[in-house]
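Below are the chains, spelled out letter by letter.
Number of protein chains: 2
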Amino acid sequence: MIAKALLFDVFGTVVDWRGSIASDMQKFGAQHGIEQDWQQFALDWRSLYEPAMEAIRSGNRGYVKLDVLHRENLLTLLPRYGLENLSESAIDELNRVWHRLQPWADTLPGIYRLKRNFILASLSNGNIALMINLARHNHLPWDTILGSEPTRAYKPQPDVYLKSIEMLDLQPGECIMVAAHNSDLRAARSLGLQTAYINRPYEYGPAQTQDFEAEEQWDFCGDTMTDIAKLLGC
Amino acid sequence: MIAKALLFDVFGTVVDWRGSIASDMQKFGAQHGIEQDWQQFALDWRSLYEPAMEAIRSGNRGYVKLDVLHRENLLTLLPRYGLENLSESAIDELNRVWHRLQPWADTLPGIYRLKRNFILASLSNGNIALMINLARHNHLPWDTILGSEPTRAYKPQPDVYLKSIEMLDLQPGECIMVAAHNSDLRAARSLGLQTAYINRPYEYGPAQTQDFEAEEQWDFCGDTMTDIAKLLGC
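Just so you know, the protein sequences line up as chains B and L, in that order.
Just so we're aligned, residue 1 is where the first sequence starts under the working numbering, counting upward by one.
Just so we're aligned, residue 1 is where the second sequence starts under the working numbering, counting upward by one.
Don't read these hints as lab results, they were simulated from the structure.
Every value quoted in this text rests on a predicted model; they were computed, and no experiment measured them.
Hints are not guaranteed to be accurate.
Unchecked claim - Cβ-Cβ distance ranges computed for the label pairs, FRET-style: (1) B:Arg152 with L:His139: 22 to 32 angstroms; (2) B:Asp92 with L:Lys27: 51 to 61 angstroms; (3) L:Ala55 with B:Tyr63: 23 to 33 angstroms; (4) B:Pro201 with L:Ala30: 50 to 60 angstroms.
To be verified - For the chain B half of the interface with chain L, some residues (derived, Cβ under 8 angstroms), not all of them: (5) Ile128; (6) Arg136; (7) Glu149; (8) Asp169.
The beta carbon of each residue, even a glycine, is placed where N, CA and C say it ideally should be.
All chains should be modelled from the sequences, with the hints used to inform the complete structure.
And the structure:
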């Protein structure tokens, strides 16, 4: 089936959350005279992400936006890094680092080629405001924001994929899920989407334990967004 | 309050539906050897829009996308214009004229100036796929598509405005509704939004009966999108 839309995972696939957070926190630490392992801080923050979403996926908690989960997790983390006395507005500002993440070097060159031929939408667990700010910060040319908040679920729940596709008036087979995570692509393929894998072996730095390679025969596989664009004839 | 986002009415405010439909139908008629008043066809089609939405707003019918309402209304209209024997795919293609409407001449120059300083979202009764295709056809730089489909209601129902604003994590006063229709702005103002009126006295051509001028002291008023950009300091 000819694909009409590309649906993008964002954290790790489009942007480098670990490097961006570590870099921002490095500056923050310098301003406040605090020396810490900010790479570890980024990893610790991210490690609280899955369990926080799982509470919602399991039905133990109603839907809340990822900005809220990020902030709760940040509050857990701050005392471990000597940052227990920040003001509310300073905490808000730190939490918004997720709105300012930097893209991988190949993201923009690849994504603008893809934009010519395909509808492009984010299909992230990030909430709409986060995705909009991230897009404006980096000039990501989404045609619209889909994913978690519009569907009020968290990946890999099927609703996130299927309701997003219904919003585009497309069939699953007309959409390609683009992700650096085999688990995301497994969920997408099981629902009938086409799949594109981008290898991001440095997403977690030395702490990376998975997603070093395509673990299944995904429809398109590359090391960069530009590779994917080429494979799709853009 | 400082505005952060502009929410746009689209049909009549951003694009010229009457002129675009008449022009498309003129070509279609020429190809099929049919002479009709295609300006009137556009007006007749549009006249079925409000009653179709009203069935949903009143609760007599569940939410369906505007593409569906447009198609039903088109089926009502076709026999009146000697077009009762079209194939299903030809009807689908005609219905998609709404996805190919042309902007007013001032739309793009104004909207790209506004893009620099504000989040821009469509807040239309059009469904998401329609809005995406329209944006791609005309290079409208929406940050995301809000409005009817994401909120499953039809303007001027409050949910369309309020749920859209909630998706942006903003307060109503941080948003400016931009429209060529006083009724749209009245609904927005009653919910706490700021308001910007663009005068479009030719939207309905000689058949226009209202919206020749700002009927209240809207916060910003102009004859073009560029006027609004200037008033907002862009």
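These are the hints, each one checked on the structure:
no. : hint                                       : verdict
1   : B:Arg152 with L:His139: 22 to 32 angstroms : holds (31 angstroms)
2   : B:Asp92 with L:Lys27: 51 to 61 angstroms   : holds (54 angstroms)
3   : L:Ala55 with B:Tyr63: 23 to 33 angstroms   : holds (30 angstroms)
4   : B:Pro201 with L:Ala30: 50 to 60 angstroms  : holds (58 angstroms)
5   : Ile128                                     : holds (5 angstroms)
6   : Arg136                                     : holds (6 angstroms)
7   : Glu149                                     : holds (7 angstroms)
8   : Asp169                                     : holds (4 angstroms)
In the structure shown, no violation is registered for any of the earlier numbered hints.
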